[in-house]
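*Asks:* Generate the whole structure from the sequences, applying the supplied hints.
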Amino acid sequence: MSVLIPARNEALYIRSVLEGLARQTYPAELLEVLVIDDHSTDGTAEVACKFIEQRGLHHFRVLSHRADGIQPTYKKAAITFGLQYARGELILATDADCRVQPDWVASMVRHYGPRTGLVAGLITFEKRLEKGLFQKLQTLEFAGLVFAGVGAAGIGKPLICNGANLSYRRKAFDEVGGFRGHDHLPSGDDDLLMQNIHRKTDWEVRFNLDPASIVYTRPVKTLGQFYNQRARWASKGVHYPGMSTFLLLLAIYLFYLLLLGAGAGWLAGWVSGRWLAAGLALKVLPELLVVSQALAVLGRRDLLIYLPLAELAHIPYIVLMGFAGFFKLFRWKPEPTPERQP
Numbered sequence: 110m111s112v113l114i115p116a117r118n119e120a121l122y123i124r125s126v127l128e129g130l131a132r133q134t135y136p137a138e139l140l141e142v143l144v145i146d147d148h149s150t151d152g153t154a155e156v157a158c159k160f161i162e163q164r165g166l167h168h169f170r171v172l173s174h175r176a177d178g179i180q181p182t183y184k185k186a187a188i189t190f191g192l193q194y195a196r197g198e199l200i201l202a203t204d205a206d207c208r209v210q211p212d213w214v215a216s217m218v219r220h221y222g223p224r225t226g227l228v229a230g231l232i233t234f235e236k237r238l239e240k241g242l243f244q245k246l247q248t249l250e251f252a253g254l255v256f257a258g259v260g261a262a263g264i265g266k267p268l269i270c271n272g273a274n275l276s277y278r279r280k281a282f283d284e285v286g287g288f289r290g291h292d293h294l295p296s297g298d299d300d301l302l303m304q305n306i307h308r309k310t311d312w313e314v315r316f317n318l319d320p321a322s323i324v325y326t327r328p329v330k331t332l333g334q335f336y337n338q339r340a341r342w343a344s345k346g347v348h349y350p351g352m353s354t355f356l357l358l359l360a361i362y363l364f365y366l367l368l369l370g371a372g373a374g375w376l377a378g379w380v381s382g383r384w385l386a387a388g389l390a391l392k393v394l395p396e397l398l399v400v401s402q403a404l405a406v407l408g409r410r411d412l413l414i415y416l417p418l419a420e421l422a423h424i425p426y427i428v429l430m431g432f433a434g435f436f437k438l439f440r441w442k443p444e445p446t447p448e449r450q451p
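The numbering used here numbers the first residue of the sequence shown as 110 and each following residue consecutively.
None of these hints come from the bench; they were simulated from the model. Careful, some of the hints might be misleading.
Said to hold, decoys possible - As a list, the in silico DSS-like pairs of lysine-lysine whose alpha-carbon atoms are at most 27 angstroms apart: (1) Lys330 / Lys437; (2) Lys266 / Lys280; (3) Lys437 / Lys345.
As the list claims (entries may be wrong) - Restraint-style ranges between C-beta atoms, simulated for each label pair: (4) Pro320 / Gln163: 28 to 34 angstroms; (5) Leu357 / Lys330: 28 to 34 angstroms; (6) Ala377 / Lys309: 47 to 53 angstroms; (7) Leu438 / Arg224: 37 to 43 angstroms.
C-beta atoms are modelled at their ideal positions from N, C-alpha and C, and glycine is treated no differently.
*Replies:* Pasting the structure below:
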């Protein structure tokens with residue numbers, strides 16, 4: 110098993126994920142951990158190297174990814190670079206600002222069968238980092254998003270997953286040409302790869318719901334960061350393969366747009382409250398089932414009290430992020446300044 114950790118300017122947080130990986134119950138002789146320093150300027154590689162040296166972790170390595178300044182340096186480029194050095198047939202990826210549990214690797218490996226090509230895991234935000242209502246609503250919204258992916262995979266239509274907790278066979282990755290065809294996009298190292306493996310190969314796609322495999326990450330601190338992150342995620346939707354998927358996403362977006370218009374019309378006295386209530390019920394009831402199950406698995410039933418507020422905020426949120434994602438109104442992590450040749 111090869112664990113890949115692409116990292117760009119994560120010096121403040123990378124020790125946490127390395128700590129978790131150093132404590133894995135999975136045999137160290139069957140595991141390698143590759144930190145891919147992706148144009149960091151804050152000493153990320155130095156922090157990682159110092160940690161590895163102090164702990165004597167001989168199965169950990171730090172790789173330096175430096176592009177030529179011509180091609181985009183998105184996360185997928187760093188992963189592809191890391192795969193050139195990875196020795197494992199099974200690949201497991203997470204992010205440098207995450208925390209993994211001791212049984213994470215072992216749990217993901219257990220979910221592989223002879224025909225399994227990809228295993229997607231669960232991810233949630235650290236409860237201790239929820240400083241206020243904004244972070245709690247993030248956790249609630251994210252739980253619904255993650256378990257929408259679980260449900261889609263459960264009916265044989267895998268659609269979304271998260272690259273911070275994702276494993277796949279190298280053979281399955283190679284069969285679809287890796288990230289070819291969407292390597293120019295800032296996102297999609299997760300969803301688009303999963304969809305391609307499902308559509309183009311005979312490999313099975315699975316979700317791992319084992320609580321021991323949950324990966325914990327950090328909620329964003331500001332509305333600006335939240336907007337930028339979610340708009341980037343939304344931008345992947347227009348690249349999902351298949352007309353049926355496109356029509357489904359379009360129908361969902363138009364439904365939310367209609368709800369937003371109905372709400373404004375009700376406030377202006379132009380729309381009957383009955384019509385608005387019917388539309389809201391059509392949205393809220395299915396989501397209540399999904400989110401309540403998600404929070405139970407994630408151990409976060411305490412967030413149910415915030416669901417009414419989250420449901421109301423969700424309507425303009427979807428409309429805004431769908432628009433911003435479609436027109437790519439967001440920013441990726443700043444590109445590194447190309448080094449000048451002497």
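*Asks:* Taking the hints in turn, state whether each one holds.
*Replies:* Status of each hint after checking the structure:
1. Lys330 / Lys437: Holds. Lys330 to Lys437 sits at ~22 angstroms (cutoff 27 angstroms).
2. Lys266 / Lys280: Holds: Lys266 and Lys280 sit about 21 angstroms apart, inside 27 angstroms.
3. Lys437 / Lys345: Given that 27 angstroms is the threshold and the Cα spacing comes to 10 angstroms, the pair holds.
4. Pro320 / Gln163: 28 to 34 angstroms: With a Cβ separation near 31 angstroms, Pro320 and Gln163 satisfy 28 to 34 angstroms, so the hint holds.
5. Leu357 / Lys330: 28 to 34 angstroms: Distance hint for Leu357, Lys330 holds at roughly 33 angstroms.
6. Ala377 / Lys309: 47 to 53 angstroms: 49 angstroms, holds
7. Leu438 / Arg224: 37 to 43 angstroms: 41 angstroms, holds
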